[in-house]
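Trainee: Chains A and B are the protein sequences, given in the same order.
In this text, residue positions in the first sequence follow the numbering used here: the first is 9, and each later residue adds one.
In this text, residue positions in the second sequence follow the numbering used here: the first is 9, and each later residue adds one.
Think of the hints as simulated: they come from the structure by calculation, not from any bench.
Because the structure is a prediction, the values reported are computed rather than measured.
Honestly, I wouldn't trust all of these hints.
Just the calculated beta-carbon pair ranges, DEER-fashion [stated by the list, open to error]:
#1 Met70/B with Ala349/A: 45 to 51 Å
#2 Lys353/B with Arg173/A: 35 to 41 Å
#3 Glu297/B with Ala58/A: 50 to 56 Å
#4 Asp293/A with Gly438/B: 56 to 62 Å
From chain A, some residues computed to sit far from chain B (all C-beta separations above 12 Å) [said to hold, decoys possible]:
#5 Glu54
#6 Gly247
#7 Pro452
For every residue, glycine included, the Cβ atom is placed at its ideal position computed from N, Cα and C.
Number of protein chains: 2
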Amino acid sequence: MAIMPITDSLFLLAESREHPMHVGGLQLYELPEGAGPDYVSELHRELVGAVDVRPLFRRRPMNPVSSLGQVAWMNDDDLDLEYHVRLSALPRPGRVRELLELTSRLHGSLLDRHRPLWEFTLIEGLEGNRFATYAKVHHSLLDGVSALRLLQKSLSPDPDERDMRPIWSPKVRTDASNRRVEADGAPPFQVLRAAATAVREIAGLGPTAVKVINDAFREQSAMLAFKAPKSIFNVPITGARRFAAQGWPLERIKTVRKAVSGATLNDVMLAMCSGALRRYLIELDALPEKPLVAAIPMSLRTDTARAATEGTVGGNAVGIILCNLATDVDDPAVRLAEIRASMLKGKEVYQGLSQLQVTALSAIPMAPLAIATIPGALRITPATFNLLISNVPGPHSPLYWNGARMTGVYPLSIPYEGQALNITVTTYAGNLQFGLTGCRRSVPHLQRLLTHLEDSLSELEKAVAG
Amino acid sequence: MAIMPITDSLFLLAESREHPMHVGGLQLYELPEGAGPDYVSELHRELVGAVDVRPLFRRRPMNPVSSLGQVAWMNDDDLDLEYHVRLSALPRPGRVRELLELTSRLHGSLLDRHRPLWEFTLIEGLEGNRFATYAKVHHSLLDGVSALRLLQKSLSPDPDERDMRPIWSPKVRTDASNRRVEADGAPPFQVLRAAATAVREIAGLGPTAVKVINDAFREQSAMLAFKAPKSIFNVPITGARRFAAQGWPLERIKTVRKAVSGATLNDVMLAMCSGALRRYLIELDALPEKPLVAAIPMSLRTDTARAATEGTVGGNAVGIILCNLATDVDDPAVRLAEIRASMLKGKEVYQGLSQLQVTALSAIPMAPLAIATIPGALRITPATFNLLISNVPGPHSPLYWNGARMTGVYPLSIPYEGQALNITVTTYAGNLQFGLTGCRRSVPHLQRLLTHLEDSLSELEKAVAG
């Protein structure tokens, strides 16, 4: 038994039928050469037959029923691997559409608190000689960034490697080739985890302390000339989810980037989102007059040596930047420029601050999110943004699972009370992969956003070419 | 808006992650002649395309989040049929094993209270040129018996009939041929509903009133020479479910019946259960020394004219009979005889009682079940039985859905706190169909009970032949 830190138990205490607190990941794989029709079910049989499960994937809440007081972890001595590792199939014709439908349903149900808080589903019947996996893990156990890193570690850059252990087995690969991929690709990027920690730390403070920080932030943020308008995304949510996912070649994003001096890939990604959200809201006759505001978790690394001597931001400090998405602007190039300017301004707020100050400032816009889910708690600030958009770097080079090439990896996140839509993107093998997770009731026709994202990117490309 | 009767809202108030309060039904169909590979997905598209939905399937709880106070129904003006009517598929090889695995998972998740409390899943990929449907409905909306009757009404005895509406559409079939089937087959048999109502009425009484009835029952039941022993089934339960189902020809049951003078088909069914439970518990080294006690809801119809004049049991009065399953006895014929005797004794308790008395008496053994699920409530009696076994008559003749012959229909019920296993059987077209629903953690290897049921029946057959 181990007492769970309050920072983790909050995710259990705040959870309800309407607010599942798990993150997910959808991975697509090509069937390896020579794979027979029973490849996936044989893989499933192998996986449930394994006996070794790492302690992290064995622990479960000690008092699953109680919703009050300190929560402790205990070891599940009676782990039922067949419960956690599932085999599912897509109905015909097995398109990505059917895959997203199934994933939406899987992501919309609560994890069983009487067991270790994770599920892993193998999905067969995907057209184009592919199969998929959907992983689901409670936020109190692992956040999305850590889960993605663990996934990477469990895969190999070598298409000929076999006998690889699954992610929940004790020995995740640590050989040289794997370390190289990690060095190439994903630096230890803990943006979301740190942001979440900050939220939880603030939520753990008394109201007076929060007010002091809040006032400080109001002062600092006076330079932000905009406020989040009301939108259809900022409503109470229900438990059912809708998920949409698609990847776009990074080359296309890079071409657009050149249109605005100093623009980053992240700025272009935000401009894609902005254009798509604009089209989506116009179609629903629900576009606010004022521009939407997105909360963007950002790594704020500065020169580490300087940071060490001056005590300012260094290492992997994470800030939440409130970005004007300029959804009121029709011209895509102007929209990108406004987003670029807003992101720069947002980063300036954090210049010269200590790590603690960065954490505290970042937590302010997030606090209502965390606090709204605590029964009886007061909202200390009005909603300061319309949706959360996160960019979680993934591996650069193609990875394999026992010879099966992973062709895509898409993150599924947590819509919160008053935040019905979440966009999380990741990069993988030359693609920018979007995962859109929404409350099924509040975000109708979520999948249309994929078309709008494509149209938005085309529009930006035309603006650059013209 | 309509205030929900306390008898219905209790099922909503008592529900938790560990105690979902929905019932289910699994139906198997043969694909009609000439059905192409897209038959099921085309059927799904048709079903979600329909617009008419009966009021019963439109209403949802008004305050889905609150767990206190009176609950009201409201009409869902924004019904999302694509949410309720789902298309799923079995992984290869698509055996009944894979079907039961999927059904177990579907039955183990909570219904979304922000929507009308039902789901209907079409399942393709079942071997042997078949498909399946799984229906799930909250007990506050419809009980298992009513749901089965509604299903029957939505099907046809005519294999050539087409353009039939789904169960949730306003016009369930009421033509002559259908009425005939109903008259042949299932009389309005409301055993379970009435039993549930009784439980709910008793649960609504004050403790003093309950004590009076309780004492009365203790006196009446003094003739019951046994008490329920502790067993592995009488433990706190978790939310995940395991479901197993299989049918046996009624002819085999009928042959065995002749072995014991006066035995009913129901007695033989109970003897099958008893033998199977005995084998199952011996295998787990968990057979109690004393015999298991089952609670059996029974119709107690007597002569209606006499009942009317004497004010005693008439019509469809329902009693809960506590039956000695004789699991301590090795000889199958002796076991059947003991069960027969116990059922007769149980019915005697109810002789000459008024309908109200029957209801009150029946509710006593059920009360701990209902009360155990109410937070903070006291258990007024210890568990008086080990498991609930229900027999719900179904249609005698084969039924069709737009030309697809229904080959099987299996009920899924609700395990309660302290009642980890439920057995519900139904009859259909010459078969006795068993549905076994258990808590996944407390009832390990539930599917082995199917083998044990077959062995138990064979054993009875041999005893008869010998």
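Trainee: Taking the hints in turn, state whether each one holds.
Mentor: Now for the hints, and whether the structure bears them out:
no.	hint	in the structure
1	Met70/B with Ala349/A: 45 to 51 Å	47 Å, holds
2	Lys353/B with Arg173/A: 35 to 41 Å	59 Å, violated
3	Glu297/B with Ala58/A: 50 to 56 Å	39 Å, violated
4	Asp293/A with Gly438/B: 56 to 62 Å	58 Å, holds
5	Glu54	14 Å, holds
6	Gly247	6 Å, violated
7	Pro452	9 Å, violated
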